[in-house]
Structures are given as C-alpha cells and as structure tokens.
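If you read the protein sequences in the order shown, they are chains A and B. The numbering of the first sequence is the working numbering, which starts it at 1 and goes up by one. The numbering of the second sequence is the working numbering, which starts it at 110 and goes up by one.
It is worth saying that the hints were derived from the structure and are not from the lab. Only a predicted model underlies this, so the values are computations on that prediction, with no experimental measurement involved. Misleading hints may appear alongside valid ones.
Derived, one-sided and incomplete: chain A residues facing chain B with beta-carbon distance under 10 Å [to be verified]:
no.: 1; residue: Ile27
no.: 2; residue: Arg40
no.: 3; residue: Tyr69
no.: 4; residue: Arg75
no.: 5; residue: Ala88
no.: 6; residue: Ala93
no.: 7; residue: Leu97
no.: 8; residue: Ile101
Beta carbons: idealized from backbone N, C-alpha and C, even for Gly.
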Amino acid sequence: GDKVKQSPSALSLQEGTNSALRCNFSIAATTVQWFLQNPRGSLINLFYLVPGTKENGRLKSAFDSKESYSTLHIRDAQLEDSGTYFCAATNSAGNKLTFGIGTRVLVRP
Amino acid sequence: NAGVIQTPRHKVTGKGQEATLWCEPISGHSAVFWYRQTIVQGLEFLTYFRNQAPIDDSGMPKERFSAQMPNQSHSTLKIQSTQPQDSAVYLCASTRDRGGNTLYFGEGSRLIVV
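Excised from the complex, chain A in its bound form (with noise of 0.2 Å):
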C-alpha cells in the first residue's frame, strides 16, 4: 500500500488565496522533508521536519509523528508557487526517504 499518501492529488488556486495539502504516513515516519520540483525538474527543498512546525515566508508546514501526517500551508499565493509538491519521510533506520505521489498545484492569475 501506499507508505506516504499525499492529498489532494491536484489542486488550483486562485492567487492571492490559501491552500494547504497533506501527507499521511503508514510507515513510521521520524523526519519529513517537503520539496516542490518546478517546472524544469529541479526538485527544491521547502522544509525539512522533525515533530513540530516550520515556517518560511508565505510557507508554513507542520509535522506530527504521533498521529503520523504532516501539512504544507501556502498563504496568499504566487504564480511562481506552482509546481509538483512533495512530501518524503524516513522512519527510524534514518536511512533513505519515501516520497508520496506529489500533489500538482497550478495557481491563477
């Protein structure tokens, strides 16, 4: 089944509003990373996570290993905002990390 499951699969924004998406996680995550690979296919790191929050201008993202999900808020958001998102986690073994499917976000004009 699927160890990291990012939701939604796509979105559309209408710039200026927020969003937020969500990864759910059947492995038992430690860290978290989020990335959003632009169009190019460069894959960016937004945030790495240990249990907690984090923010980064218009970016906020949360991680609770408890309940095993983590969240990415956008806030008033930017043309230059759209791209594939990504969550990863690694569990204790700290080794390699498992990517969820991305979410696609296109915002609008």
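Assemble the complex: chain A is given as a structure, and chain B must be docked to it using the hints.
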C-alpha cells in the same frame, strides 16, 4: 556552491545498449542517493552510499543496474542492456550525513530508451 551536478541531462539510447549516468555531490556531503522518477511510479529509491560505501541498494533492479562511488566527488549509475521500461528521470541527491538530513537534488538525467 554549484549544487549537485548530474550529467548528461538528456540521453537517448537504443534498446540493448549501455547507459552510464554521472553525479557530482555537493562538496563536503558524505551521503549520495539515487532515485528514479516516472509518471507511473513516482519517485523511487534506488541506492545509497555513505562515505563512498554502498549502504542500501534495496531499490536497485537486481539485473542490469549497478552503482558505484569510486571517490567522494562522483558517483555513477550504470544500466546494461537498456530496455524501454528503464526510461525515466534519474535523480541524484546528496546530504551531509545520513538520510535524516536535508536532501539536495540535482536536476536529473532524463533517459529515453528507444
């Protein structure tokens, strides 16, 4: 800091031929990961080196795929007798230590097997 460098960016190869992909990790990073991305399977882990030693190759297809890290500044992924199903974007990433640190990806090598 040039980031993780991957070459070639694009490669088209005929079925049955060999393909070699190169990765230069960020200087000072001791862990190197290879992932494969396809539309159907998404991002799949292939293999992982730490301090040049192979640590986990559980994602590598057992036949035809091999990876090496002969020195701290580069790793190679070799696919022998390529098949159309090997077509994918192959992504290399590095991190300071184990996978539990921020992972930095290269731009990938797009392999097309015809």
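Results of checking the hints against the structure:
1. Ile27: With Cβ-Cβ at 13 Å, over 10 Å, it is violated.
2. Arg40: Since the shortest Cβ distance to chain B is 7 Å, the answer is holds.
3. Tyr69: 19 Å, violated
4. Arg75: 22 Å, violated
5. Ala88: Holds. Min distance 8 Å.
6. Ala93: 8 Å, holds
7. Leu97: 6 Å, holds
8. Ile101: 5 Å, holds
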